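Chains A and B are the protein sequences, given in the same order.
Sequential numbering from 1 applies to the first sequence in the numbering used here.
Sequential numbering from 1 applies to the second sequence in the numbering used here.
Rather than coming from a laboratory, the hints here were simulated on the basis of the structure.
Just so it is clear, the structure is predicted and the values come from calculations on it, not from any experiment.
Backbone N, C-alpha and C define an ideal beta-carbon position, used for all residues, glycine too.
Misleading hints may appear alongside valid ones.
[To be verified] Across the chosen pairs, the derived CB separations fall in these ranges: (1) B:Val-143 - A:Ser-14: 31 to 37 Å; (2) A:Arg-77 - B:Asn-46: 52 to 58 Å; (3) B:Arg-77 - A:Gly-35: 37 to 43 Å.
[To be verified] Derived pair list, reagent style DSSO-like, types lysine-lysine, alpha-carbon separation capped at 30 Å: (4) A:Lys-204 - A:Lys-178; (5) B:Lys-178 - A:Lys-58; (6) B:Lys-178 - A:Lys-147; (7) A:Lys-204 - A:Lys-147; (8) B:Lys-147 - A:Lys-29.
Given next are the chains, with one letter for each unit.
Protein chains: 2
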Amino acid sequence: MQEKVKGKAGVNSSRERILNEAVRLFARKGFGSTGLRELAASAEVNLAMINYFFGSKKTLLKEILDHFFSGYLAVARIDLAGPDDLERKVERFVRGAAIYFAENRDSLLVTITELPRDDPEILSYKANWGRQLMDIIDQEICVPARKCDPDFPPARVVGPMLTSMLASRFLFFPVISKIETRTGEMDIAEYASHISGILLARIKQADRDC
Amino acid sequence: MQEKVKGKAGVNSSRERILNEAVRLFARKGFGSTGLRELAASAEVNLAMINYFFGSKKTLLKEILDHFFSGYLAVARIDLAGPDDLERKVERFVRGAAIYFAENRDSLLVTITELPRDDPEILSYKANWGRQLMDIIDQEICVPARKCDPDFPPARVVGPMLTSMLASRFLFFPVISKIETRTGEMDIAEYASHISGILLARIKQADRDC
C-alpha cells in the first residue's frame, strides 16, 4: 500500500499526485537528487502544474514536514494525555508513534534526513515543529519523571532521542532487511515494545527514587 | 576546528582538500544538492582533478562512509573489549562514541542521512558496515544481557537504536541550538551520560533477573 499525504482542503487529484510522488522520490533519492522534471513525469503532470500548485521544491518539502510533524504531534498529544500513570502513557505513545512512523515511512525518512540541513528558510520551520514536540515531551514525560529523579534527562535530550530511536529501524532498513531475511521479520508491535522497554527501565529507575 | 577526513596512504593535499570539502558540503546541503563544479571551486581544484582522484561523486560518498564507519567500529571494538563488567563497558563505549560523533559531525550527518537511500551500489556497501557494527554489539552487549533476560532486545534493534540515539543531538541540531541559547549548552560528556543512563537502566533490569 502506498503512503498518501493529504493536502489542504480543496485539493484536486493532480495536486495530491504531485505531493505523493514527491514524498516517494525524496525518500528514495533524497531531496537534492530529485529534479522537478522527473517529478512531473512521475506524477503525470506538466512542469507548469507543479509550479502552479507549489511554486518551488522547497514548498513541497515544507508541506511534507507539516504533514509528518502535525501527525506525530497529534499522536503525542492523544497518547500522552489522560489520567493514566506515566509508564502506561509512555508505552501507549511509543507504540502509537511506531505505528505512525511505519505508516508514514517515506515522510519520516524525508523529515529525518532533511533535519540537519542548513537552509535558513526550512531551518526556522523545523525548529518551530521541533520545539512543539519537545514541549509536549517535557510536560508529559520529563517534568513528572524529574519530580522523583532530578537527574532524569531534559526534553532536549529525550525528544530527539526518542524520535531517533523509533526512526532507527527505518533509517537502517537496508541493513536490517538483509539481516532479517535470515532471522525472520520483527513486527512493529514487538519493535515498539523493545523501544518502550528501554525508556521505561529508565523511568522505573526514577520512580524507585520516589 | 574543521573536521578532517584522512584518505588512503599516498594522499596529496589536493586529494585531501577535495575530500574535506565534500564532507562539509554534503553535510550542509545534502549529497544530491552538491554539484561537482561547486565542490571543485570550494576545494580550489579543477573538475578534472576530482575526476582523476575519485572518478565520481559516489566514490567520494563511499570514502566518507568508510572513514566514518571504520572509526566508529574501532571505538566499539576498543571500548567494549576487556574484562570489565558490562555496565562499565557500555558507559565507556557510549562516551567514546559520543565524542567520536562530535569530532566527526559532518561525516556522521552524511552517513546517517544517506543510510536509507536506495542506490544499489551504495546499499550493499552500507549493509556490510552495518552488519559489522551489529556483530560487535551482539557479541559484547546483547549476548551477555540475554543470559539473564531472554527478552533483552536483539542487536538488530540495539545497534541502529544506539547509533541513532547518539546521533539525535546532531540530527536535531537546528532545533536544539535554538533552545540551548536560552538554557545553556550541554557538553558532550553530560549528553553521553544521559544516553548511557537510559541503556544502562535496561541492562540493570536484565541483571536483576539473574
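Results for each hint:
For the pair Val-143 of chain B and Ser-14 of chain A, the beta carbons lie near 54 Å from each other, so the given range of 31 to 37 Å is not met. Separated by about 55 Å at the C-beta atoms, Arg-77 of chain A and Asn-46 of chain B satisfy the suggested range of 52 to 58 Å. Evaluation of the 37 to 43 Å hint for Arg-77 of chain B and Gly-35 of chain A yields a pass: the beta carbon distance comes to about 42 Å. This hinted pair does not check out: Lys-204 of chain A and Lys-178 of chain A have alpha carbons roughly 35 Å apart, beyond 30 Å.
Between Lys-178 of chain B and Lys-58 of chain A the CA atoms are separated by roughly 22 Å; this keeps the pair inside 30 Å, and the hint holds. Simply put, Lys-178 of chain B and Lys-147 of chain A have alpha-carbon atoms about 26 Å apart, close enough for the 30 Å limit, and the pair holds. Between Lys-204 of chain A and Lys-147 of chain A, the direct Cα distance comes to roughly 13 Å. Compliance with the 30 Å bound is thereby established for this hinted pair. Taking the CA atoms of Lys-147 of chain B and Lys-29 of chain A, the gap is about 42 Å. The hint is violated against a cut of 30 Å.
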